[in-house]
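Enquirer: Each residue of the sequence shown is one higher than the one before, counting from 1 in the UniProt record's numbering.
Treat the hints as calculated values from the structure; they're not laboratory data.
Errors might be hidden in some of the hints.
[As the list claims (entries may be wrong)] EDC-like mimics (lysine to aspartate or glutamate), calculated; alpha carbons at most 16 Å apart, straight line: (1) Lys220 x Glu605; (2) Lys372 x Glu433; (3) Lys220 x Glu199; (4) Lys220 x Asp248; (5) Lys149 x Glu175; (6) Lys428 x Asp129; (7) Lys316 x Asp129; (8) Lys562 x Glu511.
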Amino acid sequence: MISRDLWPVLHEAVTTLAAVCDYANERDSAGFSATDAAVGHFLADTPLQEWADEHAATARVLLPTYRRQLGEQTTAQILSIPDPDAEHARAAREAVRGLHRAARRRQYLHRSSYVHLEDQRVLLAFPFDEALVAAARVIAGRRYDGARKVNSYPLSSLPAVVGLATGAGIDIAPEILAVARDVVHNPDAYRPVEVSLCEHDPALLRIDTDYAPGLTAALKALNGGSTWRSAARVHEIAITVGAAQLLDVFTSHDLVIEASAARALDEAIAQQRNQAGGTADLTGDRRLSIAAATPAVQSAVAARLRALAGSCVPRKALLPWPLHVEPAAIAELLQAQGIDVTPAASAALHDEIDRQETNLEVACAASGPPMKIAELGVTLMAHQCPAVRFAAAGRRILIGDEMGLGKTITALATVAAEHAFPVVVACKPDLTENWRTEITRALPARRVAVASGLTPRAVPAGTDVVVIGYAALASRPRMPTGTTRRFAWVQQLAELGPRALIIDEGHLGKESTAARSRALAALGADVAARDGLILNLTGTAVVNRPRELAQQLITLGLLAPKDTEINPGRHLFGGEWDFLFRYCGPEQSSGGFGWTFNGASHTRELNHRLKAFGVMLRRTEDALDLPEFSCTVLPIEPAQLDPDAWAQYRQAEQAAAADFAREATDLAEAYGVEVSDARVRAAMRARSGAHLVRINALRQLIGAAKQPAITDWVSRYVADGEKVMIAAHHRDVVDHYASRFGGLKIQGGQSVAAKEADKHAFQTCPVDQAPAITVAISAGGVGHTLTAARIGVQAELCWTPGELRQMAKRIHRIGQTRPVQYRVAVVPATIDEQMWQIITNKQRTLDAVLDGVDISDVRDDDTAAAAQLAWELVEAGLNALAEVK
């Protein structure tokens, strides 16, 4: 550190050089060199009293170079000052450069910034600064003039602009400060007009206000489409869409309405009250026919119908209108437009309103009046009674109760209550015996047969219930050349004339291209043709995205498949294409050819209609008096991992990161762009199927590495007398835990009898004989009750929250009497942690569709998740490469 007494010598020397320096433009031998000029002038311009040690150290190192300009005497004085060491000198010069940049920034900001008043608007300008831009954007009423590079605000925002400018060091004239004080004291006098008549068309209203999602949605709903005019950055909407409704919207959002616009709204409302807007009548197929009296009313009605249509009504043929689509909103529309409704139409409309209100209540009801079903061999629980009534009324429904609420008994009770025999039960092949047991218990007087084998055989005479696995149902035996291969078991079962079809874990039939899905749809069509019951049982109807609902609704006969005619009375959700574009986040494929539907959109509307139409029954575990359930992360630290497996994982992760980074870099070079460019990410996303192989290998390695930690964790609980359920994915991991804890497991490849025996032993044997059971996620996530344990651990992560939830519900369901703890083992800073974040994000989609939580545009499936993980590895690889360089 240089003594302060010596700083004047250094300051005078840099000042002398700066006085003759022209930044080496013409006189290289005078003043500073081009390299030192900026720092030298900054040192000279900084008053000595503002110097710090870094100023002095930088000057001491810099000045000896200029011996000739300074003279021998001054140079000797400088050289007598102790020279800082090299590291100190480098740090000091870098610090001075930083101070210089900050000073130049302040000077530039001062020269290029201002606050002005112009045409009753506040203008705020400043050079680009990310923090200032962010602060400017949140001030109410902001408009940005790109040509002038200036922010513009209404006078009501002047105090906020003054606050921002003061904090940024921008000068403000006294007269502007005076106006700002007046705005603070008289805010109502400065509120801008937000609703006015358009100058180019007085039949249109102009809404100029800050973006508000609720306002935008309300205007769009009334207009039947977007009202935003991007060029003017305002909303425009015709008064004829509904003056009363518009006035309600403006009032609810506290908008200031110009006097002429207010008069126009009042006149339109009075006119609608004084003259009939048309007539509405009921058609022979119980749809609503609306005839408008004037073009204005016709336009307003059409706009509102388009907004209400969703996927249920083709936008090119809105009338006659199906009564089941938003009947309450239709009644309000007819009243607002002054349309006369015939008594028959009015009665039908209000009957439908009442029916849907009842559906909305019952779809979530935790209890209801008790039911007595003569042949039922079990007693229905309180929440199952309203479920049976709901299912019997809806006939083709999705029983979407959460796991553990007894969907099996609910479905069988519905069949019994409706005497809908014979009935076919389609399920996973390893659950056929489980279903036989449940049916025998619930319907002891009914004869049950299990259909097995890929070649159909005659069903025994007098059979009431046929249980068939999906593999058999979807089988298509070889046929003679030239003939069409058919689902043979579907044909065989159809000959029984089934009056009910129960689909267990119906989300397994979500993919339209799968043989299982097509077989279910074919059998469902046969049952629906005789007005039979179709009961789709699944607590996770949406595993990843709303698109998965489309095929399930087709199987229920409620959605018309692509390129087939829509029957308005039967296809409550319209056609498949409309459904995909409305609810599945449509996105045009790269290159502009085709569409993808991996997102989620209008989820609140979809949830409402599923319940209101009487299509989905959805109760959470709150319907039961189950004990407390908690699902938390079990962090596994590196020191707890198997050293060899951990080393293999790290090596594989680094190799994958390097390979993915190299792949992205090659793509960037081919495109001539940076790696961060969207085209590179899109190309990497297109390769996510191949990347999934590498990522699954990492999953397997981290699963193996966690084995010692999870084994110790389970052992501690077993030592305390607790049974434990362990959920895993890979076969070797399942086998490891099973062999360590008594050999009990549920795994693919086991016979049905072996699974049932292991499950029975776990449920009935003492803890010293059956301490734990290991369950493969793909094989044991449904249809099994393992309530002998109240402790569970997810040893390996899965891709979806539905799978994780299914596993946890094996121990938290009817029959559990103790609080349940479910732990998810996660190794921080690995693929484990990244997958856990993906699961958490995916849960939002399930909540949106099944429970009505609104979201916007969520996109995730296994390959999309793989793409996300691959890109994170790309970034890790690029960072590693940068560190090496």
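Enquirer: Out of the numbered hints, which ones does the structure contradict?
Expert: Structure breaks hints 2, 3, 5, 6, 7.
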